[in-house]
Amino acid sequence: MIGHLDLPDQVRKDVLAVYGLIAEAESHAHGMPVDQIHFHEVGTMDAVADITGVCMLIHELAPDQVVASPVHVGCGQVRCAHGILPVPAPATAYILKDVPVYGGEIRGELCTPTGAALLKHFSAKFGSMPVMKISKIGYGMGKKEFERANCVRAMLGETEESKDGASELCCNLDDMTPEAIGYAQEKLMEEGALDVYTVSIGMKKNRPGVMLVCMCKMADKEKMVRLLFRHTTTLGVREYDCARYTLKREIKAVETPYGTVHIKESSGWDVKRQKPEYEDLARIAREKGISLTDAMKLVQTYL
154 MIGHLDLPDQ VRKDVLAVYG LIAEAESHAH GMPVDQIHFH EVGTMDAVAD
204 ITGVCMLIHE LAPDQVVASP VHVGCGQVRC AHGILPVPAP ATAYILKDVP
254 VYGGEIRGEL CTPTGAALLK HFSAKFGSMP VMKISKIGYG MGKKEFERAN
304 CVRAMLGETE ESKDGASELC CNLDDMTPEA IGYAQEKLME EGALDVYTVS
354 IGMKKNRPGV MLVCMCKMAD KEKMVRLLFR HTTTLGVREY DCARYTLKRE
404 IKAVETPYGT VHIKESSGWD VKRQKPEYED LARIAREKGI SLTDAMKLVQ
454 TYL
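So for the sequence shown, our numbering puts the first residue at 154; every next one is plus one.
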């Protein structure tokens with residue numbers, strides 16, 4: 154249904170990811186494989202337009218992160234294609250697993266599978282509004298009449314400049330081959346580590362060893378610890394939580410006579426800089442039979 158639309162690749166991926174969450178929830182609710190699921194209300198044209206529109210708007214706003222308040226699901230019952238169901242509906246409840254939710258006195262469905270899937274896909278975390286300087290505010294008003302205002306509010310703003318938390322996980326290794334350590338590093342990076350590196354160390358019995366360090370988001374600590382135990386021979390992992398200051402980063406594609414070159418842009422803290430991706434420079438260097446430095450000079454005018 155969206156195949157003919159002129160959408161950016163990221164928007165298309167987001168739309169499919171949101172529907173993937175809904176399909177998984179419907180599959181669980183019906184006890185059927187995903188490929189046998191039939192979308193009812195969420196498969197209508199207006200639902201597709203809603204989801205695609207939100208994905209497009211998020212793409213155009215390009216926020217660094219989306220923080221959502223705990224979700225008010227309502228209470229009572231709701232009538233849908235399957236008859237009368239409790240609030241939240243089974244698919245909605247499944248999608249909202251691991252998300253803070255609450256009911257209340259308002260009788261009715263305040264969160265649908267569509268809304269739940271959009272929140273789950275785009276929200277980096279759920280909780281209180283962070284300290285922020287608000288620049289824009291938007292309201293979306295519902296048509297049903299409740300005892301309280303039936304609206305969703307979104308606020309766009311800036312939080313404390315580029316400061317967040319990170320966890321540093323370390324382990325000492327003296328009985329692994331370089332290939333095995335390299336493989337462990339690759340797996341950690343594939344699963345979302347912020348950075349992985351090694352430091353040469355001296356260990357007991359005068360053995361040369363390696364300290365493997367994995368930096369990750371606080372929310373990914375448990376996953377990374379499991380990966381460290383699975384892919385290394387360590388018997389213990391040390392944890393250090395710290396704050397880190399970062400520059401805002403984004404990658405944009407620039408068309409050049411030498412093909413598409415991806416440019417990494419970073420800004421913040423009164424700093425702004427650009428750098429072509431190594432893989433693109435290496436490709437140009439190989440194709441032209443020139444050095445990496447000369448390849449950099451060729452694309453420099455297009456930055």
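Be careful, since some hints might not be right.
Stated by the list, open to error - Straight-line distance between alpha carbons at most 25 Å, and here's what the computed SDA-like set of lysine to any residue pairs gives:
| hint | residue 1 | residue 2 |
| --- | --- | --- |
| 1 | LYS297 | THR205 |
| 2 | LYS401 | SER281 |
| 3 | LYS376 | LYS357 |
| 4 | LYS417 | LEU445 |
| 5 | LYS425 | VAL378 |
Bear in mind the hints are in silico, worked out from the structure with no lab data behind them.
Hints, verified against the model:
With a C-alpha separation of about 23 Å, the suggested pair LYS297 and THR205 falls inside the 25 Å cut-off, and the hint holds. Simply put, LYS401 and SER281 have alpha-carbon atoms about 23 Å apart, close enough for the 25 Å limit, and the pair holds. Among the hinted pairs, LYS376 with LYS357 is inconsistent with the structure: their alpha-carbon atoms are about 29 Å apart, more than 25 Å. At most 25 Å may separate the alpha-carbon atoms for a hinted pair to count; LYS417 and LEU445 meet this at roughly 17 Å.
The hinted pair formed by LYS425 and VAL378 fails the criterion: a straight-line CA distance of about 35 Å is larger than 25 Å.
Checked against the numbered hints above, the structure violates hints 3 and 5; every other hint is satisfied.
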